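**Student:** Sequence:
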Amino acid sequence: MLNEIALKEIVANPEVSQKDKVLACLATNGCKPKKVAVVRDTATSAGLSGAKKLNISSILSGRKGLAINTPAGWELTLPGKGHVKQLGGGPVVQLSGSLRSLLPNIASNTTQAFVQEAIECVESRHYRASVVLSWVGAVSVLYDHVIANRLADFNAHARKMDPKWKDATNSDDLAKMKEANFLTVCESASIIGKSVKQELEGCLRFRNGCGHPNSLKLGENRVAGHIETLITNVYSVF
18 MLNEIALKEI
28 VANPEVSQKD
38 KVLACLATNG
48 CKPKKVAVVR
58 DTATSAGLSG
68 AKKLNISSIL
78 SGRKGLAINT
88 PAGWELTLPG
98 KGHVKQLGGG
108 PVVQLSGSLR
118 SLLPNIASNT
128 TQAFVQEAIE
138 CVESRHYRAS
148 VVLSWVGAVS
158 VLYDHVIANR
168 LADFNAHARK
178 MDPKWKDATN
188 SDDLAKMKEA
198 NFLTVCESAS
208 IIGKSVKQEL
218 EGCLRFRNGC
228 GHPNSLKLGE
238 NRVAGHIETL
248 ITNVYSVF
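If you use this note's numbering, the sequence shown corresponds to residues 18 to 255, in order.
Everything labelled a hint here was simulated from the structure, so no lab data went into it. Keep in mind that this is a model prediction, so the values were computed, not measured. Where a beta carbon is used, it is the ideal one built from N, C-alpha and C, also for glycine. Hints may contain errors.
[Said to hold, decoys possible] Derived DEER-like restraints, expressed as beta-carbon distance ranges:
(1) 142 with 96: 23 to 29 Å
(2) 184 with 48: 47 to 53 Å
(3) 231 with 33: 33 to 39 Å
(4) 245 with 46: 48 to 54 Å
(5) 249 with 166: 17 to 23 Å
(6) 195 with 58: 48 to 54 Å
(7) 212 with 173: 22 to 28 Å
(8) 229 with 118: 29 to 35 Å
(9) 145 with 176: 33 to 39 Å
(10) 226 with 129: 23 to 29 Å
[As the list claims (entries may be wrong)] Simulated crosslink set (PhoX-like; lysine-lysine; CA at most 20 Å straight-line):
(11) 49 with 81
(12) 70 with 52
(13) 183 with 195
(14) 25 with 69
(15) 211 with 183
(16) 214 with 181
(17) 181 with 193
(18) 70 with 49
With these hints in hand, go ahead and build the complete structure from the sequences.
**Tutor:** Here it is, written out as structure tokens:
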């Protein structure tokens, strides 16, 4: 429910009580039951001051209805999970953790740099920049995949769409094609499916809206949806 980044944000928030910070430690690692020693280690790693001296069991026992001590360890109840969600972190920060976990799997240094910038913007809540750079990183991931695995197929289908297309040999060549057309060729070559293409076209339109001066208003959940779509359909696939 919480990744390390979101937990650290909660722990660092002076408006969150110490008891709630300990409770939030139960929300990491998929909300699995945790023994007191694990909760203490989690709190210490997240930077909770004095965590090693806290009476974890006493604190959690006092959060009546929010946590329960089972034979497997302490765990959140459903009301407890709802309470932790209100403490902070938010969906965008959670997704930044997902992006960070995928970063080591990206072979290209150039693509890694794009994604790293996107993560930094996400964590700083620079929403417009987050949308734009997360899209740039995703397209770069697709470029890398095409170059490494499907270049001949891509060029063949590109020529069918545009007889004047000059075969691409690297990412810079692919970037000469409009991104909307790039998605169309990728679908035609079965690099992505029709439904994925439609979702990515929506992301592209959103990126275009965020990349130009206009009156578009952004909310955290909308930005999170954009990033989640890119994670589930690009970053974690290619």
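**Student:** Next, verify each hint and record whether it holds.
**Tutor:** Consistency of the hints with the structure:
About 28 Å separates the C-beta atoms of residue 142 and residue 96, a value consistent with the hinted range of 23 to 29 Å. Take residue 184 and residue 48: their Cβ atoms lie about 50 Å apart, and the range 47 to 53 Å holds. About 36 Å separates the C-beta atoms of residue 231 and residue 33, a value consistent with the hinted range of 33 to 39 Å. Against the hinted window of 48 to 54 Å, the Cβ-Cβ separation of residue 245 and residue 46 comes to about 20 Å, which falls outside the hint.
Against the hinted window of 17 to 23 Å, the Cβ-Cβ separation of residue 249 and residue 166 comes to about 20 Å, which satisfies the hint. A hinted range of 48 to 54 Å holds for the C-beta pair residue 195 and residue 58, which are about 51 Å apart. A hinted range of 22 to 28 Å holds for the C-beta pair residue 212 and residue 173, which are about 23 Å apart. Distance hint for residue 229 and residue 118: a CB-CB separation of about 31 Å, consistent with the stated range 29 to 35 Å.
A hinted range of 33 to 39 Å holds for the C-beta pair residue 145 and residue 176, which are about 36 Å apart. One distance hint, 23 to 29 Å for the beta-carbon pair residue 226 and residue 129, holds here, with the actual separation near 26 Å. With a C-alpha separation of about 19 Å, the suggested pairing of residue 49 with residue 81 holds against the 20 Å cut-off. Among the hinted pairs, residue 70 with residue 52 is consistent with the structure: their alpha-carbon atoms are about 16 Å apart, no more than 20 Å.
With a CA separation close to 14 Å, the supplied pair residue 183 and residue 195 stays within the 20 Å bound. For the given pair, residue 25 sits about 16 Å from residue 69 by alpha-carbon distance, which is consistent with the 20 Å threshold. Taken as a hint, the residue 211 and residue 183 pair is broken in the structure, with Cα atoms around 25 Å apart against an allowance of 20 Å. The suggested pairing of residue 214 with residue 181 is violated, with an alpha-carbon distance near 24 Å, which exceeds 20 Å.
With a C-alpha separation of about 12 Å, the suggested pairing of residue 181 with residue 193 holds against the 20 Å cut-off. Restraint check: the Cα-Cα separation between residue 70 and residue 49 comes to about 23 Å, which exceeds 20 Å; the hinted pair is violated.
In terms of the numbered hints stated before, the structure departs from hints 4, 15, 16, 18, listed from lowest to highest.
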